[in-house]
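Please dock the two separately framed chains into a single complex, following the hints provided.
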Amino acid sequence: MPKSLFEKVWSAHTARTLANGQTQLIIGTHLIHEVTSPQAFGMLRDLGLKVLMPHRTFATVDHIIPTNELVEPYKDPLAQAMMDEVRKNCAEFGITFFDRATGKQGIVHIVGPEQGITQPGTTIACGDSHTSTHGAFGAIAFGIGTSQVRDVLATQTMALGALKVRRIEVNGKLRPGVYAKDVILHIIRMLGVNGGTGYAYEYAGSTFDGFSMEERMTVCNMSIEGGARAGYVNPDETTFAYLKGRPYSPKGAAWDSEVARWKSFASDPGCHYDDVVKIDAADIAPTVTWGINPGQGISITENVPSPETATSADDKAGIIEALAYMKLPAGAPIKGTKINVAFLGSCTNGRLSDFQEVAKYIKGRKVAPGIKAIAVPGSQIVALQCEKLGLDKILTEAGFEWRAAGCSMCLAMNPDKLIGDQLCASSSNRNFKGRQGSTTGRTLLMSPVMVAAAAVTGSVADAREVFAFTN
Amino acid sequence: MALAKITSVSGRAVTVPGNDIDTDRIIPARFMKCVTFDGLGEFLFYDVRKNADGTDRVHPLNDARFKAATILISGANFGCGSSREHAPQAIQKYGFKAVIAENFAEIFFGNSVTLGIPCACAKREDIAKISAAVEKDPSTEVVIDVAKQEIRFAGQTVPATFRETARDALVNGRWDAIGELLDGIPAVKETAKKLPYLAA
Ligand code: SF4
Chain A
0 MPKSLFEKVW
10 SAHTARTLAN
20 GQTQLIIGTH
30 LIHEVTSPQA
40 FGMLRDLGLK
50 VLMPHRTFAT
60 VDHIIPTNEL
70 VEPYKDPLAQ
80 AMMDEVRKNC
90 AEFGITFFDR
100 ATGKQGIVHI
110 VGPEQGITQP
120 GTTIACGDSH
130 TSTHGAFGAI
140 AFGIGTSQVR
150 DVLATQTMAL
160 GALKVRRIEV
170 NGKLRPGVYA
180 KDVILHIIRM
190 LGVNGGTGYA
200 YEYAGSTFDG
210 FSMEERMTVC
220 NMSIEGGARA
230 GYVNPDETTF
240 AYLKGRPYSP
250 KGAAWDSEVA
260 RWKSFASDPG
270 CHYDDVVKID
280 AADIAPTVTW
290 GINPGQGISI
300 TENVPSPETA
310 TSADDKAGII
320 EALAYMKLPA
330 GAPIKGTKIN
340 VAFLGSCTNG
350 RLSDFQEVAK
360 YIKGRKVAPG
370 IKAIAVPGSQ
380 IVALQCEKLG
390 LDKILTEAGF
400 EWRAAGCSMC
410 LAMNPDKLIG
420 DQLCASSSNR
430 NFKGRQGSTT
440 GRTLLMSPVM
450 VAAAAVTGSV
460 ADAREVFAFT
470 N
Chain B
0 MALAKITSVS
10 GRAVTVPGND
20 IDTDRIIPAR
30 FMKCVTFDGL
40 GEFLFYDVRK
50 NADGTDRVHP
60 LNDARFKAAT
70 ILISGANFGC
80 GSSREHAPQA
90 IQKYGFKAVI
100 AENFAEIFFG
110 NSVTLGIPCA
120 CAKREDIAKI
130 SAAVEKDPST
140 EVVIDVAKQE
150 IRFAGQTVPA
160 TFRETARDAL
170 VNGRWDAIGE
180 LLDGIPAVKE
190 TAKKLPYLAA
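If you're matching them up, the sequences are chains A and B in order.
All residue numbers for the first sequence refer to numbering that gives the first Met the number 0, where the first residue is 0 and numbers rise by one.
All residue numbers for the second sequence refer to numbering that gives the first Met the number 0, where the first residue is 0 and numbers rise by one.
Same shape as in the complex, but just chain B (with noise of 0.2 Å):
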């Protein structure tokens, strides 16, 4: 299975604040009544975004200035809590290619790699910077170059980290395992006639 090479993401951003976004927040769990992810985008942070009525309250995401927005950034943790993956496929299906945040709660950060979509880390105070600048012009056009570890935005560069080996994993097209894991078998085979709980 070819996969992209991931080695950077440009595009404009757009900033949910706070710290601490959990799951249940990005998609709440009713949306999960679903047996695919297809149209899970439309319900990316609904309960935040939408009045019990279906009308917008005041959200960065129904901000007109930012509905061009491929970047998502963020606080601290974010993605805690459930472990489903019905969140980055939301975030995906949105229109976001990439997340920048402090840093990422563990599962949602696999997850996300799975996906192809990077998260990167970066210092609050960059954060802050790259917000800053996004909110003056939301036409500002973000790099997140996974490959030099780095964030572009109006003549500015901010370090990131991805970790190293979700940042290998992008940069060289193997972000999904699947193909991978596959070409293991032989060798899961061997492991797992040491392992009597395995018998059949």
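Bound-form chain A, shown alone (with noise of 0.2 Å):
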């Protein structure tokens, strides 16, 4: 019987199932962080336990470091209290932890895979929600809560259900300035935030045959947000070339033989799904958020709705919450709206593609005057990969401020904050309430290149315009 990547993994996986009828899944490699991790080893301590598989589980920290202060002890001994903390759990427990002396340091997302540790065929859990990254080679990847980090940090497994299929296909070229961040913006406008409770999502077709891993990730980095648990597309030559040579990567004739496995993990032709939806990537534009949900996303030449042309009640209370509070007028265009801030960098858009696809368009031109413009690599390897190109000379010369590695103004839990309603056009992943710092602070989610044609002109822009993309 012909099978999905999904169930071969996850049959592979299963050590057995439990009382209740869910399956005690193996967890072949747990990421960890500063944030969700710190309780988890508490409750092991308080459960006398011990980590089964230390040479399966790899600490990184990203969300408390500064980005602007390199030297420790932090000025928030808060940051500093969970840098120790993640430290003394590593090395009590044996954890290799990817900490900024080791160079290897960065958003948990990125250094997965950067260090060839994200695999094919494997499944992945970390105590965060944009797990569902590491999907992007063909792995199963869950974001999970601190209970489940101590239950895989004891068993190596969790409970779990199996999910539902839905395969989606988007085929043919993407316009001159439509990105990867513009294919997941649009899907989950389309399905909405919900539209993936159940599902793991299979991306494919030829535009994701055509992408490269990074782009994949942008991707796959999103599908948390359109409600599905977990996001994959099936590994193929793109995927082994990208992690032949890395650190964590099979060696020599192991090489040849974990290949030939990992290929064996891809969806059959044929397989079941349970549901199919297909794009046609020649619809997508660039995409921006106007609200408060990433699935509240226009294409930049559109009008931001109003309440009347609500498709229910639902929707027009939600219209009405998020025009409130992103403080835009109804039914005007999105484009040409003033914004205080852009921020180029997070897990969804803070790698090298994504800072050379900006240098390149930005190169000799200037922020707007009075707009902060932050670039903050995800990992201290990308910020290398950067300097040793010239990027960030680029970018610093535009007028953004370079930063050592971290989530920065992702989220608000380091020093880099949105102040009072300030608007940001950001390349990250989330446009809550208050998500980027303060409490009426507001967030435009867009592709790195949009970031950037926003930051040169001083608000949100349509990027083929700004650069004069060609058709």
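Just so you know, the hints here were simulated from the structure itself, not pulled from any lab data.
On a predicted model such as this, the values are computed, not experimentally measured, just so you know.
Hints may be right or wrong, so weigh each one.
[Claimed, not checked] Computed list of lysine to any residue pairs in SDA-like fashion (alpha-carbon distance at most 25 Å, straight line):
| no. | chain 1 | residue 1 | chain 2 | residue 2 |
| --- | --- | --- | --- | --- |
| 1 | B | K192 | A | F466 |
| 2 | A | K74 | A | H54 |
| 3 | B | K147 | B | Q91 |
| 4 | B | K66 | B | D37 |
| 5 | A | K326 | B | D52 |
| 6 | A | K74 | B | V34 |
| 7 | B | K188 | A | H54 |
The structure is reproduced here in structure tokens:
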């Protein structure tokens, strides 16, 4: 019987069925960070348990780490306490910790792939919802809560019910100025922020076949914003080429046998899907969010919705609430909306190719007066790659601050925060109320190149016009 | 590990209306700078409950009539967004024992079950009825019967669903899976032999 990658990975990792019908699923790779792991280690100590497979557990720091302060102790004593805690826990339980001193620190979802830890046909869990990112490699990757972090630490498993699989096929060539970020914002807009409940998303089609690993990661990253518990792309030559030679990738003879095994996990032609959605790449435009959840997106040429255009009472209430919070006039074009801050970075768009693409267009241009613009590499390795290519220079000459690796302004756990009701053009993944650190702060999600266009014009702009893209 | 069998939860209730209430709203990220969950309760819904100067805003949780509530009622897709267990932890530490909503985001739902917090899904019109009864008389006793899959209040009964695995786990006292998972370690070691990447 032909099977999907999800089914194959699931059954290969099933240890047994639990009394309530859930599966005790082996989690081959456990990634941890400073925010959601300390309490789990606390629970472990309370129960007198050990880490079952420390060699399959990897830690880094990303959320609280200040990106403008390199020397410890950090000014924020709470941040320092969390840093000390993760260091202590890793030392005590024998876990590899990608600390700043290793030169490999960064956002957990960037570090895993970069190190070759993220591999096809594996299961991955992390106490972080954007763990879905790792699905780009044909892994089944789950964001989990802290009690489950405890479960995985102690047993290398968790209790989980199987998911349905929805295949989302995008076919054709994206139009100039349209990026992977637009693809996922378009999908979430179409299927809704809870459209994926109960599903894993399998992204496929010629658009994905042509995508680089970094583009695939951008899409898989935001699966959770569409309500899907996991999202993946079947492994192919692009995947293997990316992994070849990375620190944790198989070496020598093991490489060939592992690649053969990885290939065997790809979905079989003709396998069953619980749902199939098809999208024409040509229908996707540069997309920006106007509201307070990632599904509230429109193309740059559209107007912000007005309550009268609502399709249901819920939709109407949602529009009214979002417009009030965002302080945007109903029915007005999104283009031209003044911004205060431009943020490039995050686990969605904080990789080399993101900065390369921005640098290509922003070279020789200047950030508009009065705009705070920051560029934050997702990892120390990304930072180094960018610096070798001189991308940091291009960005700083344009008026961006170039920072050290971390989550930075994606969320409010480090010094980078919006102030008051500042409006931020952001390459991150969440536009929830207060997400970027001010309870009235406003976030517009978009691709990095659209952030750059907003930065140089000082307002939400169509990057295709600002940077004279040609069809 | 013997866990309580959670067959039903009862108490007063309070409604925090709205759909898509995300975990950033339930517990803003800045309160996650902590190494234990203790003390999270006071920051539940903080940014919608408090003004910048720390004074109270108009919010159901600030309403004296609902101070004794132990059941939280809300709208659709409750608990979406970040996977932070800090959200159900804050709800529990604040004093809530159960949540009623139209439906729940998956990770939030799972995290809540592990803490022994029943998340009951009810139909929108039924939620409106419960909310109306509670609004009219805040002392209304709301009973979430997990075993029978129903909610009783003010002489009325409406259906509730829990997802079978969660219902089973709650009523049979195995909502925290750790004991069972530890029992399965021999099976884990067997299966792990067939997964080359797990070799030490
Ligand atoms: S970059 Fe943002 S979304 Fe990604 S892990 Fe960090 S805080 Fe979470």
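K326 of chain A paired with D52 of chain B [C-alpha distance capped at 25 Å]: It holds: about 22 Å lies between the C-alpha atoms, which stays within 25 Å.
- prompt: Is it true that the CA of K192 of chain B sits at most 25 Å from the CA of F466 of chain A?
  reply: Given that 25 Å is the threshold and the Cα spacing comes to 54 Å, the pair is violated.
task: With a cut-off of 25 Å on the C-alpha distance, tell me whether K74 of chain A and V34 of chain B pass.
output: With Cα atoms ~18 Å apart, K74 of chain A and V34 of chain B stay inside 25 Å; holds.
- prompt: Does K66 of chain B pair with D37 of chain B here, judged by a C-alpha cut-off of 25 Å?
  reply: 20 Å, holds
query: When you check the alpha-carbon spacing of K74 of chain A and H54 of chain A, does it fall within 25 Å?
result: 33 Å, violated
- prompt: For the pair supplied as a hint, K188 of chain B and H54 of chain A, is the alpha-carbon distance within the 25 Å limit?
  reply: Between K188 of chain B and H54 of chain A the Cα gap is close to 15 Å, so the pair holds against 25 Å.
Satisfaction of hint between Q91 of chain B and K147 of chain B, Cα-Cα up to 25 Å: 23 Å, holds
Of the hints listed earlier, those the structure fails to meet are numbers 1 and 2, in rising order.
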